[in-house]
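A.B. asks: Chains as they are written, first to last, in the working numbering: chain B, 1 to 340; chain G, 1001 to 1553; chain W, 2001 to 2327.
Source of the hints: derived by calculation from the structure; they are not laboratory data. Any given hint could turn out to be false.
As a list, the in silico DSSO-like pairs of lysine-lysine whose alpha-carbon atoms are at most 27 Å apart [as the list claims (entries may be wrong)]:
| no. | chain 1 | residue 1 | chain 2 | residue 2 |
| --- | --- | --- | --- | --- |
| 1 | W | K2315 | G | K1545 |
| 2 | G | K1384 | G | K1401 |
| 3 | G | K1496 | W | K2226 |
| 4 | B | K240 | B | K293 |
| 5 | G | K1360 | W | K2255 |
| 6 | G | K1359 | W | K2123 |
| 7 | W | K2226 | G | K1359 |
| 8 | G | K1359 | W | K2255 |
| 9 | W | K2255 | W | K2003 |
| 10 | G | K1518 | W | K2288 |
| 11 | G | K1238 | W | K2196 |
| 12 | G | K1496 | G | K1545 |
| 13 | B | K54 | G | K1151 |
| 14 | W | K2255 | G | K1518 |
| 15 | W | K2288 | W | K2226 |
| 16 | W | K2288 | G | K1496 |
| 17 | G | K1545 | W | K2255 |
| 18 | G | K1169 | B | K54 |
The calculated label-pair distances, taken between Cβ atoms and stated as ranges, are [claimed, not checked]:
| no. | chain 1 | residue 1 | chain 2 | residue 2 | range |
| --- | --- | --- | --- | --- | --- |
| 19 | G | K1151 | B | A333 | 45 to 51 Å |
| 20 | G | F1517 | W | E2224 | 31 to 37 Å |
| 21 | B | D98 | W | E2281 | 51 to 57 Å |
| 22 | W | G2074 | B | R297 | 55 to 61 Å |
| 23 | W | L2323 | G | F1517 | 25 to 31 Å |
| 24 | G | A1356 | W | V2303 | 48 to 54 Å |
| 25 | G | L1066 | W | P2290 | 55 to 61 Å |
| 26 | G | H1429 | W | Y2280 | 47 to 53 Å |
| 27 | G | H1546 | W | P2290 | 22 to 28 Å |
| 28 | G | H1546 | W | E2224 | 30 to 36 Å |
| 29 | W | Y2280 | B | M200 | 44 to 50 Å |
All values derive from a computational prediction rather than experimental measurement. For glycine and all other residues, C-beta sits at the position ideal for the given N, C-alpha and C.
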Amino acid sequence: MAEPSLKASVPSADAAVTESAAVLATEQLLPMYRMMFLIRRVEESLLELAESGKIGGAMHTAIGHEGAAIGMAAALRKDDYLTCTYRGHHHSLARGMDPQRAICEVLGKAPGFAKGKGGSMHFLDPSLGLMGANGIVGAQVPHAAGMALASKIRGEDRIAITFFGDGALYQGLMHETFNMAQKWKLPVIFYCENNRYSEMTPISRTSSVDEIYQFVRAYGMESIQIDGNDVEVVYEAVAKAAERARAGEGPTFIEGITYRLSGHMAGDLETYRSSEEIEMQRAYEPLTQLHQKLIDRGVPEEDLNQLRAEVEEEVQAAVEYALEAPWPDLAEAYTDVYQV
Amino acid sequence: MTTEIRLPDAGEGIDDVTISRWRVAVGDSVNEGDVILEVATDKVDTEIQAPASGVLLKINFQEGDLAPVTEVMGYIGQEGESVNGAPAGAAPLTKEAATEEAATKEAATEEAATAEATSPKAPAAKNGPAPAAEGAGAKATPVAKRVAADKGVDLAGVAGTGPGGQITKQDVLTQAGGASSAAVSPLPGDLADESTLAVRRAAADNNINLREIAAGRPLSVLTQYDVLSAVASRAAGKRVRVEPAYAAEGQGTEGEVAARPDRAQPDTAKSDTAKSDTAKSDTAKSDTARPTAAKPEGARPAAAQTAGQLKPGEELVKLSRMRAAVARNTVQSLFSAPHVTTMWDVDMSAVLQHRAAHKKEFAADGVNLTITAYFFEAIVAGLKAVPAANATWTDEGVIIKRTYNIGMATALPMDEHGIGGLIVPVIKHAGDLNLRGIARAVNDLADRARKNELRQEDLADGTFTLSNYGTSGSRFQTPIIVQPQVGILGVGAVEKRAVVVSNGHPLEPNLGDSLTFKPMTTLGFSYDHRVLDGATADAFCAAVKHYLESYNA
Amino acid sequence: MRKTTYIQAINEAMRDEMRRDESVFLIGEDIGHYGGLFRVTRNMMEEFGERRVIDTPISEQGFMGMAVGAAMVGLRPIVELMYMDFFLVCADQIFNQAAKMHYMTGGLVNVPLVIRGQQGGGKRYGSQHSASVESTFAQFPGIKVVAPATPYDAKGLLISAIRDDNPVLFLEHKMLYFTRGDMPDAEEQYTVPIGKADIKREGRDLTIATFSYSLLQTLEAAEELKAEQGIDIEVVDLRSITPLDMESVLMSVAKTGRLLAVHESQSNAGIGAEIVARAYEEAPYLLKAPARRLGMAPAPIPVSKPLEEELLPWKKNIKAAVLEMMR
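Using the sequences provided together with the hints, build the complete structure.
C.D. replies: Okay, here's the thing in structure tokens:
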């Protein structure tokens, strides 16, 4: 088996989409850049908080994955369902979750969207169609299929998208779900963020299949491999898959090649890869790419600086707010076990 | 801008305290939390901490003074600051001082305005009135100002909830971080605001927010019953909140209770004990500590007093005929018959179970099934087992009686002097009656006794007597025999008691032993030792006990 | 008053609710065209069509997960597990997902899901098709568990389960399917509340708390003990395992002073142990004799009929336990 490509996030498949025409206008890209920088800064701040011991448990950042979330958010409707993995801060923020409440939730503070009971691995906001990040690898995938089934039963045109990593593909229920989704032509998009590592182990060491987008071909499902770091490529692929889903043509599998610049989780020793590998990937990561794209289109650097300064301030304020925010009342420990 | 020194709630029944010692003098600097004052109450000595940092401006009570708990003990503020306008250390406000206060207030405002106009960052003028805070002359406590500086809160934007709209530390914290739970969370070590495990389990099962149903009270007051009540009210579409079953004495609104988490320190009892141990070495202090409520040391008459020698404050209540009769009969009985009382515990489970099962059925027939009725049945059983207990002593011999006319000692209401009456109507031929008949007879006699409609024949021909003093709450008395009978059975209150149940050896520890709660009563059987002995009297009691414990009619 | 079978009662409950509420749908293996392995979903596909009665591949994890997802967005799926033993195949979706979802989301998401199917021994299905699972489920807050024993309770409780906004495990028993019981006319609407026990036999000497098929065994044992020994047993049908109606159990124990909990799931660390423990925690002084529990002996269920009956907490074992307690 070949070692993972260190060269770039460039897919090589027969079904690859690598080059994007300028599908989005610069005015559309600017807020995407702003959001992407915000996600990046929120996650970097969270890592700092984790290092200082203010965040317990497992926290997984998606630094380097933002392209998938930003492209998806632009391509889907607000009422489309989304489920994702415990590495899900970026999807939720991209769909409009308040960073302040998000950070509170990670810290276990009362103003968190789930009153501090869910935390980093369970980002969710039904009002934004965010139906839950999941702590169990792959468990969120049948949920999205079930939501798509609900749309079908109700005769609605809401679709569902689910994000998972390359590691999830080796869970049995993924294949059960692929089969049923294809068989019943469910309006669902399976988006695989292939960052080349199942937690700490390169998939080349565990997978019997080189090109994982080929897995679902066995079920007769439409499948495509794309550059997941290019927001325009992601946008186009997701938009097209959504169109198919809404038209009743069934699910689409998208393999978005990306790279995780941070460790698997806060505190990951990262002994499984070299710092050269990470440095090399920095040239292709989504924020660098989008920045370059805007510069190429003639956006002045000062405008972007201004944008980043604003975001910096917003994130700082959110972190401070969260640090000062109260803990949940102890009585909350006993509520929400059952709905009455 | 001064902070009042007040006492924490000393608990129920404490109205005032004695000032034991001021640890600081007027003019001394204090830090928030320093112990500045010791006070003593009837129950406990307490140390009072400075509520704020600053200078002790004034004290309202000197050492040795008796101070009402609600009063302000003194004031802390900034050096040179006035207390409500009065000069530091001054006597309580007089009319003149009040006028002066108004003037000073104006001056302070003016000065503050000037200070702001010239240099907002100018340090506060020493010995002058405290300047208003930065911004629009917001009034804030020094602690609030410090916290505001720490947290970067602009006082101008803070709404004050303190006296006269003053901004408190809490206000600043609230502004800084939403409703800060840290600020309202109980003191460390305060366990009172925690409910039991069972309550918390019930809350989780039913999605009940305990804080909500506690409605400001500490969570420790909640019971499983409260949680279930809340579920029931929610099911009925009502507000999910449980009213306290009873309000604690002297308790204001419920909110107030929650706002003073430090009442009754956990070590109150300990310090109380310590206090009495050291009382001797500390007599002087201890004496001043206790408000001298004169205890009436009733002078006991040394010898029998006659009515003709009434002293001031004494009153003669003439004997009623009943009182005279009771006196005559009891004296005569006690001095003629040698009384011995034996005491037996009885498990009333079977009787109570039978009563619970049949009460309605009896009620349908207009009969109130009382526990007393069962005792009559049991007495008959005892008398049949030991016939000598249903008898009369004569010098020629013991007259054994084959009819069971059992008297029921009945108390009549006491008058304003606490003098009551005693009457003993008799259930005739109790041995021929079943439970229903006895219950009916008991109802009838009790009813007529209350209405004062008993006839002479209702009181005659008793052969034995039951005294149910348990109805007035007592567990055990030594009743006096009604002459010429030989026994009287007293029955104490039926109450749940801890009882050892042994399924193994009765005296040696073994696995089958367990402790259980049972409804128990204690019999007090007084007998005439001329007729009955300890063993025969116990045989009677054993029969009564057996009858009651195996009740299964 | 008519009589129906247990199967018919469940079928009626689902049919009535599907007619009443468009959001209810059925999903599981062999439930549509075939009508269910035990014919519980018979005629459902004919009436409600393939859109609301969904035959799945043998993919317990997958369809359980999809049911959870559909429930999260407001549908009310009823999932049939052919044998309750199969819950272990899709345990993550039940326990980590459905049961924890409401809490993890701070109450933002409900999972109004019903999982139903049959369990228990007595039909010689052997170790992997006869287990009783209520005790395992009782370990997980967030999912309610009901196990009715009579057709009347089955219909009323299933309707309550479908209308409940939480995941509910509805446990049937293969030995109950063809039992018959009184049932109000089909038009008469009623429900049986979740979390409320029912006294199925009054007595004064000993309380047996039980549910599901064990209830029938207990009632038989009680009649025989009365006739043979004069022991008068009160039988509390718990009907719900979570939440547990301890109040009714303890009210009965207050009367009898003795408590025996009987169930088909494992005795060790089972729901009976919980009932007994809670009796000791909450009302130790009501007990005249040590409370006991009688569950399945610590062994998988064998196929051989005498071995199966030896291990199960059926009449013979119930009577033996009662006699030991009354000694």
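A.B. asks: In ascending order, which of the hints set out earlier in this document are inconsistent with the structure?
C.D. replies: 1, 3, 6, 9, 19, 21, 22
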